[in-house]
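J.: Residues per chain, in single letters:
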Amino acid sequence: MSAIARKLTPFIIFIALIVVIIFLGNRRDFGPQQYGQFILDGIRGGTIYALVALGLVVIHNVTGIVNFAQGAFVMLGAMITADVYSREWPIGDTPKMIVAILIAVVVTTIIGILFERLAIYPARNASPLTLIIITVGAYIVLQGLALIYWGSGAQRLPAFSTLFSENARDTIYRPLGIVIKEQSFWIWGTAAIAMGSLAWFFNRTILGKALRACAINPKAARLMGISPNRMSMLSFALAALIGAIAGVVLAPATSPIYDMGLRLGLKGFVAAIIGGFVSAPAAVIGGIFLGIIENLAAGVTNSGLKDIFAFIILILVLLYRPQGILNNSDVTEKV
Amino acid sequence: MKSNRRDIVGIILLSALVLFIGLYETRTEAGFSSLTNGIITFDTIVRVGLLTTVVVGLNLLMGFAGQISLGQASFYGLGAYFTGILTARASTIGLPPFIADGWWWPWLLMLGGMIVTGIFAYFVGRPILRLKGHYLGLATLGLGVVIAILFRENFGISPTTLSLTGGGDGIAGVPRLRIGSFELWPVARYYYLVWIVAILGIILALNIVNSRVGRALRALNASDIAAETIGIDTSHYKTWVFVISTMYASLAGSLYAHFQSALSPPTFDFVASLELVVMAAVGGMASIWGAPFGVAVIFSIRELLRARMHLLLDGSTGAYEVVAFGLILVLIMIFTPDGVLKGFTNLIAKLSAKLRPRAQL
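These protein sequence lines are chains A and B, in that order.
The working numbering numbers the first residue of the first sequence as 310 and each following residue consecutively.
The working numbering numbers the first residue of the second sequence as 5 and each following residue consecutively.
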């Protein structure tokens with residue numbers, strides 16, 4: 310295959326995908342309103358994928374590990390918030406929600422740190438595959454503990470908007486006939502704040518710069534007095550924190566359940582790969598892109614096939630643009 | 005490298021063990037499970053045999069060629085569904101009875117499944133195996149998930165038009181295997197078939213490893229570029245070892261279909277693929293012998309937890325077993341990162357060094 314053909318293939322595939330979607334949509338008489346709804350729901354789901362992907366990228370950049378337990382952090386964030394909020398406490402609903410969220414985030418972050426110290430650190434010199442299997446084992450443990458503690462039923466958390474209004478259910482807006490729940494704005498707002506603070510942390514603080522230095526060259530970083538071991542712990546703490554935040558805002562939109570982590574974790578991988586697995590902003594765009602495409606494709610076909618599109622996109626991106634859809638350089642791996 | 009003599013001794017020991025278990029099951033009143041207080045049943049031993057075949061193929065791919073596959077269970081599924089659909093659904097898809105009822109038909113399907121899976125793997129493998137490391141792992145993961153969903157969703161065909169895979173319910177009523185009128189059932193008969201296939205698979209894999217191809221694979225495991233500079237067509241060898249590993253999986257899948265007689269999608273999903281990799285890693289991927297070892301260790305731990313966990317912990321449920329299993333897995337990987345087999349032999353070497361008389365030192 311010539312170089313030009315190789316460069317054009319992804320575009321051709323992408324355009325073909327859009328054509329197929331519109332063709333199938335027309336057969337079901339979908340108008341702009343339906344497409345708008347699909348895209349909007351896709352952006353909402355994609356934002357969560359983006360947050361999961363961010364956690365994965367942070368750990369991968371610093372330690373080179375693909376963390377299969379990332380989805381478990383999201384699950385813990387959601388489950389702990391819902392659990393604490395469901396308890397009877399002599400305080401109002403809003404303070405209780407704030408306390409629940411704080412507890413969820415702190416506990417999940419501590420679990421992330423313990424996970425790194427107890428399972429990753431002792432095996433830090435092992436091969437990447439061994440480390441991946443360790444994260445798989447950790448995921449099995451966390452999900453199993455969640456099943457023991459919370460049972461197999463789904464938890465419930467009211468939408469955040471119900472705390473500020475008289476309504477028992479989430480406020481719904483209908484611009485142009487597209488349904489938007491207010492919780493979506495909470496998801497987007499939180500994600501934006503999380504990403505902004507992360508960017509600030511990595512670019513403006515010494516600790517963040519130390520993390521980046523460690524990602525670029527661990528040996529040189531060590532010579533500068535940065536401890537890669539501590540940075541590894543920090544990256545897991547940060548990833549757990551981001552995961553917990555994603556879980557907290559996701560909880561009211563879905564009913565959190567003990568096994569929600571695996572699917573989210575896998576989608577997070579796809580998002581991170583679409584973004585190229587190295588840069589945080591690219592991972593975010595990858596997540597949103599993934600959310601939109603998979604929702605559109607599932608909308609015009611069969612919702613049971615939804616996950617297929619995500620993974621077909623994954624394979625296509627890996628084959629044609631392993632450096633991510635945004636990156637134009639042909640360098641695929643850090644040397 | 006290991007000498008061939010060791011491998012021959014290994015084959016003989018394994019065959020003897022298989023024969024012993026088989027005879028113990030048929031010749032004693034209580035059967036094999038009485039040996040283990042009912043913890044490890046005879047059925048479990050058959051399953052160990054089936055997955056040994058899959059993991060031997062995976063070991064060739066991962067341990068020797070150094071290529072990760074996180075979607076191997078889907079190839080196991082391709083074999084199983086190929087057999088399942090063309091036997092249990094023979095009338096639905098309009099196969100004439102003289103074919104569908106022939107004793108030779110399932111045997112032909114076993115071979116056909118291997119060929120179809122192999123061809124599929126060849127065309128998918130060529131582009132995908134260009135990728136390296138995590139990227140290859142995630143691409144095979146994606147492939148595995150896509151195939152598993154196709155099983156669950158009846159290949160995207162509306163189930164009212166034509167039900168092939170049976171969707172989430174799966175396929176029931178896959179017939180037992182026969183040779184002429186001799187039925188390979190009850191399970192004590194089928195057991196021998198499964199293990200003969202597994203042992204033949206091990207012998208074939210050992211031959212591959214100790215051949216020119218095996219040396220080429222090890223070379224490209226060590227370094228792609230170095231292998232290429234000494235004239236090894238790396239993409240050719242990578243693709244072929246991938247094809248061979250999927251054919252192992254497909255064959256085992258067909259055998260599984262006849263053993264279980266029913267198929268359901270979760271058997272072949274992403275979690276199952278992950279379990280296969282775990283078995284390979286626990287056994288130790290640098291040796292073909294790691295495969296039966298890893299499969300047996302994982303099955304034993306699981307069955308032991310299922311049978312005895314409640315003694316350790318009052319009111320223990322399935323979830324506790326899962327947690328304990330995860331913990332044991334993490335511990336195994338931390339303490340014996342090269343596999344239990346290697347860790348075990350290292351330990352023996354250390355002990356024997358300690359026991360050696362000091363005068364020699």
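Hints may be right or wrong, so weigh each one.
To be verified - Pairwise CB distance ranges, derived in the manner of DEER restraints:
(1) Ile419/A with Phe339/B: 42 to 50 Å
(2) Thr321/B with Leu485/A: 45 to 53 Å
(3) Ser536/A with Asp237/B: 41 to 49 Å
(4) Glu232/B with Ser536/A: 53 to 61 Å
(5) Leu355/B with Trp398/A: 52 to 60 Å
(6) Glu232/B with Tyr482/A: 31 to 39 Å
(7) Ala501/A with Leu308/B: 25 to 33 Å
(8) Gly534/A with Thr233/B: 50 to 58 Å
(9) Pro484/A with Val275/B: 38 to 46 Å
(10) Ile331/A with Phe124/B: 25 to 33 Å
Keep in mind that the hints were calculated from the coordinates and are not lab data.
Note that the Cβ used here is the ideal one computed from N, Cα and C, for glycine as well.
J.: Would you list, in rising numerical order, the hints stated earlier that this structure does not obey?
T.: 1, 4, 6, 7, 8
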